[in-house]
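To convert, note that position 42 of the sequence shown is 42 in the UniProt record's numbering; the numbers rise steadily by one, no gaps.
None of these hints come from the bench; they were simulated from the model.
Ideal Cβ placement from N, Cα and C applies to all residues, glycine included.
Be a bit skeptical, because a hint or two may be false.
What the hints assert, rightly or not - Distance ranges between label pairs, derived from CB positions:
{"#": "1", "residue 1": "Asp78", "residue 2": "Gly23", "range": "27 to 33 angstroms"}
{"#": "2", "residue 1": "Val4", "residue 2": "Ile37", "range": "21 to 27 angstroms"}
{"#": "3", "residue 1": "Lys57", "residue 2": "Thr31", "range": "31 to 37 angstroms"}
{"#": "4", "residue 1": "Ala85", "residue 2": "Met52", "range": "14 to 20 angstroms"}
{"#": "5", "residue 1": "Leu36", "residue 2": "Asp13", "range": "33 to 39 angstroms"}
{"#": "6", "residue 1": "Pro12", "residue 2": "Gln32", "range": "37 to 43 angstroms"}
{"#": "7", "residue 1": "Pro12", "residue 2": "Ala42", "range": "15 to 21 angstroms"}
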Amino acid sequence: MEHVISTPDYRPDEGLRFSWDEGFDIFVSATQSEVLIRANRAGLTSLARHLMTLAQKEVTNGTHVHLTADQEIESEVDLILERMAG
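Use the sequences and the hints to build the structure in full.
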């Protein structure tokens, strides 16, 4: 079964636009040696959409999405996804 994830087009004058699938759950935990991201299907699809949005060629390096602990994600730490050169 194919699952298509649509991403909003990047528009420099509007900045990044992110959307979440209904019912998403994302849990993040971190130790000194590893980071664990657990998510339901809606959470995984939402994260994939965020990453694909950042991967658009028009997005500039250093652009990021900041997922805040106990707001967008269940966690004691924030999760930052950032675009880098390369």
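Which of the stated hints cannot be reconciled with the structure, identified by number in ascending sequence? 1 and 7
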